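Make a model of the complete structure from these sequences and hints.
The working numbering runs 1410 ahead of the 1-based position in the sequence shown.
What the hints contain is simulated information worked out from the structure, not anything from laboratory work.
No experiment lies behind these values; they were computed from the predicted model shown.
Among the hints, erroneous ones may be present.
In the EDC-like style, the derived pairs of lysine to aspartate or glutamate whose C-alpha atoms are separated by at most 20 Å in a straight line are [unchecked claim]: (1) 1592 / 1568; (2) 1569 / 1559; (3) 1649 / 1619.
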Amino acid sequence: MGSLSLNAPVRLAILETDTPIPAIAATYHSYGGVFTHMFKRACASYSHPVPLESQLTLSSYNVVNNLTAYPDLESIDAILITGAKYNAFDSDEWILRLAEFTKRCLDSGRVRVIGVCFGHQIIGRVLGAELGRNTRGWEVSVVEHELTDAGKRILGLEKMSINQMHRDAVLSFPPGVVQLAKTDVCDNQAMYVPGRLISVQGHPEFTEEMVREILTSRKYGGVISDDLYQDGISRVGNKQDGVAVAQAFLRFLHG
1411 MGSLSLNAPV RLAILETDTP IPAIAATYHS YGGVFTHMFK RACASYSHPV
1461 PLESQLTLSS YNVVNNLTAY PDLESIDAIL ITGAKYNAFD SDEWILRLAE
1511 FTKRCLDSGR VRVIGVCFGH QIIGRVLGAE LGRNTRGWEV SVVEHELTDA
1561 GKRILGLEKM SINQMHRDAV LSFPPGVVQL AKTDVCDNQA MYVPGRLISV
1611 QGHPEFTEEM VREILTSRKY GGVISDDLYQ DGISRVGNKQ DGVAVAQAFL
1661 RFLHG
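Right, dumping it as structure tokens:
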């Protein structure tokens, strides 16, 4: 693992599009806390570890329950849109506002955008991609991805395994984006535009413990079948590259 530049910390606003299930919220409080934990692990994993505060100045905004909870663009350098249980193709007022704000960031030419799962789909929506239910079904737990040549270069990996928890997908590629990764179930696993955006369908922020809790919650909530639950649990302890993806996010922000 390499090290980062010594530039000033990037002002990153985390746009929270959901609240974690209780078992995760008990430790991390919000998805802002979950992503803070991800970036801390990334910073601690360099050959020369660095404190998170030297790389990022983080703020969090719950954009579901407060329609005006958005930062002033002049006060930030980048946004990260989290995952959510909602459909990115719906027309709820808060989703439309989020899409509008994301477009403002992308159009600014300065404020960079990171999307994770639902956030990846919001970026796809804003850029004109087709969204919808994936007819190939769910992806859950640790899944191995095939990387494009660009994906290998940008993510710093030959192959990528990260956690998944989705059935919705970005079903096409918007004009001008670079494809970074795909799986047998979902072709659009990651998108990139230099200096503007990077997004992943998977969840680099999720740990094994988090995914165990989510799988159990969704099984008993009737969201996923027993077979899908068992399949996910069988892979939940597999090696995954969430920290490497988080480091790629940091390189993107500081690049």
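Results of checking the hints against the structure:
Restraint check: the Cα-Cα separation between residue 1592 and residue 1568 comes to about 13 Å, which is no more than 20 Å; the hinted pair holds. Distance restraint check for residue 1569 and residue 1559: the Cα-Cα separation of roughly 11 Å lies within the 20 Å cut-off, and the hinted pair is therefore satisfied. Of the pairs offered as hints, the one joining residue 1649 and residue 1619 holds, with about 13 Å between alpha carbons and a cut-off of 20 Å not exceeded.
Of the hints listed earlier, there is not a single one the structure fails to meet.
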